[in-house]
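Modelling step: build the complete structure from the supplied sequences, incorporating the hints.
Sequence order for the protein chains is A and B. Take the first sequence: its letters are residues 4 to 298, numbered as in our numbering. Take the second sequence: its letters are residues 212 to 426, numbered as in our numbering.
It should be emphasised that the hints constitute simulated quantities derived from the structure, not laboratory data. Take these hints with a grain of salt, some might be off.
In silico lysine-lysine, DSS-like type, Cα no more than 27 Å apart, as pairs [unchecked claim]: (1) Lys226(A) <-> Lys378(B); (2) Lys397(B) <-> Lys197(A); (3) Lys119(A) <-> Lys397(B).
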Amino acid sequence: MPSKFKEALNSGKFVVTSEIGPPKGTNLEKMYHHIDLLKDKVDALNVTDHQSSVMRFPSIGGCLAIKERGGEPILQMTCRDRNRLALQAELLFAYTKEVRNVLCLTGDAVPVGDHKEAKGVFDLDSVQLLRAIRTLESGKDLGGNDLDGAVEFCAGAIVTPEANPIEPQLIKFEKKVEAGAEFFQTQAVYDLDKFARFMQFARQFPVKVLAGIVLLSSARMAKYMNENVPGIFVPQHLMDELANAPKGTALNKGIEIAGRMIAAIKKEGICDGVHIMAIGREEVVPDILQTAGIS
Amino acid sequence: MKSITRQKPFEEITEQLRGFSRIFIAGCGTCATLTRTGGVEEVTAMREKLESQGKFVTGSVVIPVACDDVTEALVGEHQGSILSAHAILVMACALGVHRVGNNAFNKPVIPALDTLFIGMDDGQGVFHEVCAQCGQCLLGEMAGVCPITACHKGLLNGPCGGTNNGKCEVDKEKDCAWTLIYSRLKEQGRLEMMRKYQPPKNYQVVPRPRTVRVF
Ligand code: SF4
Ligand code: SF4
Numbered sequence: 004m005p006s007k008f009k010e011a012l013n014s015g016k017f018v019v020t021s022e023i024g025p026p027k028g029t030n031l032e033k034m035y036h037h038i039d040l041l042k043d044k045v046d047a048l049n050v051t052d053h054q055s056s057v058m059r060f061p062s063i064g065g066c067l068a069i070k071e072r073g074g075e076p077i078l079q080m081t082c083r084d085r086n087r088l089a090l091q092a093e094l095l096f097a098y099t100k101e102v103r104n105v106l107c108l109t110g111d112a113v114p115v116g117d118h119k120e121a122k123g124v125f126d127l128d129s130v131q132l133l134r135a136i137r138t139l140e141s142g143k144d145l146g147g148n149d150l151d152g153a154v155e156f157c158a159g160a161i162v163t164p165e166a167n168p169i170e171p172q173l174i175k176f177e178k179k180v181e182a183g184a185e186f187f188q189t190q191a192v193y194d195l196d197k198f199a200r201f202m203q204f205a206r207q208f209p210v211k212v213l214a215g216i217v218l219l220s221s222a223r224m225a226k227y228m229n230e231n232v233p234g235i236f237v238p239q240h241l242m243d244e245l246a247n248a249p250k251g252t253a254l255n256k257g258i259e260i261a262g263r264m265i266a267a268i269k270k271e272g273i274c275d276g277v278h279i280m281a282i283g284r285e286e287v288v289p290d291i292l293q294t295a296g297i298s
Numbered sequence: 212m213k214s215i216t217r218q219k220p221f222e223e224i225t226e227q228l229r230g231f232s233r234i235f236i237a238g239c240g241t242c243a244t245l246t247r248t249g250g251v252e253e254v255t256a257m258r259e260k261l262e263s264q265g266k267f268v269t270g271s272v273v274i275p276v277a278c279d280d281v282t283e284a285l286v287g288e289h290q291g292s293i294l295s296a297h298a299i300l301v302m303a304c305a306l307g308v309h310r311v312g313n314n315a316f317n318k319p320v321i322p323a324l325d326t327l328f329i330g331m332d333d334g335q336g337v338f339h340e341v342c343a344q345c346g347q348c349l350l351g352e353m354a355g356v357c358p359i360t361a362c363h364k365g366l367l368n369g370p371c372g373g374t375n376n377g378k379c380e381v382d383k384e385k386d387c388a389w390t391l392i393y394s395r396l397k398e399q400g401r402l403e404m405m406r407k408y409q410p411p412k413n414y415q416v417v418p419r420p421r422t423v424r425v426f
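Below you can see the structure in the form of structure tokens.
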């Protein structure tokens, strides 16, 4: 069975993906609830892989839950926790469970997470992981051995359009394309003019780009991201909008901003779709879509 | 090459010396002197500290180059005071601990220092790790910046998403190796080196335990 997400990407429609964060523990109720809430409203759901290096229920477990409940999962795979044997093994397993989409990431550094003394692996990097997928597809493993049964994935990667300096980021983007990335989900973008300039560059390549939309839940959160999250720049006018929202309505303002941006990206055809990251507020993703005029 | 060390917390040292009341101390006149962790001053200070804890120090020596093979002869000169000790406390890097340990008349050898990395100093008391002895040097393609040691994640194909205005995501004070590699390659007009795909690294160039015969 081919990837439904890949079909959506190639259909020319405006593609929407969102994100599920697995729980810390074995109580899966909330994750199931978020999956059920979103699975029919988006084209695919990413499942994060120990996001921010915080130990959680595994990404592949979340993907299987999405499959069971009739959704389309995107397996996020970082290079932080597994060496090349474990990464390949997980790709084989994912394929047999009909998980058909993989997002390849380097992974956050170990010391930013909640197991600060752990050994970071990084045996492969994200470019090498993309190539590993293409190698497994050819029926061989990274050791050059024959596989009894190969894999087939729609493989993607991430890019930070507002990284500073930008050129190294663009060089790596090209290396990811050459390594076989078919789609990109970007780090959060807030300045659409700047993003459109990045897209002029990205459009030269045969890949689909989904703009990262991170929900702003308050002026304080926006300020925090500006100060602490690499590659994220919330412009002053959005900060003001959030700060001037009547008390208790900042989240609604954030939903409005996200919806407005998505609608603008779609209307102006800036890129091929969006990836909505609500970071713990998955409940409001349907509201964002409604505000954007997508339902 | 300098072996960069840091003195262990004194509590850890006394814990490891528990049950040994007679101690011989060996320091090192090279790296550990430079890092001020095992030179004459530090050995003297350690002696006083141990004595104030009720230990008897049978003798001490600062070996010129503790990792060198002449250490054997030097240790031999102190045979008497070593034999009358219960343990040897070594204030040298782990290479020195090994060298002394191999010639210690079967006495327990306790490291007083933690060996952090092999590094270089900037003359201002700051030491940087610049090489992790990976066995397959990439400096020629990386404009002289080692991606294995200078990049927190040891990435070979460009910066991660955590790079921020030239700094690394793990520490705002630390340079992002990939911004350095990029800037230097650009200055040298060799940016195409960065576009080259670097395959997965061979982490088993010389499998552990690493031994190599050179002559
Ligand atoms: S690539 Fe780095 S770790 Fe490897 S030998 Fe060269 S400097 Fe040392
Ligand atoms: S920020 Fe730079 S140095 Fe730090 S892990 Fe990423 S690429 Fe490596």
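Original post:
Any of the earlier hints contradicted here, and which numbers?
Top reply: Hint check: 3 fails alone, others pass.
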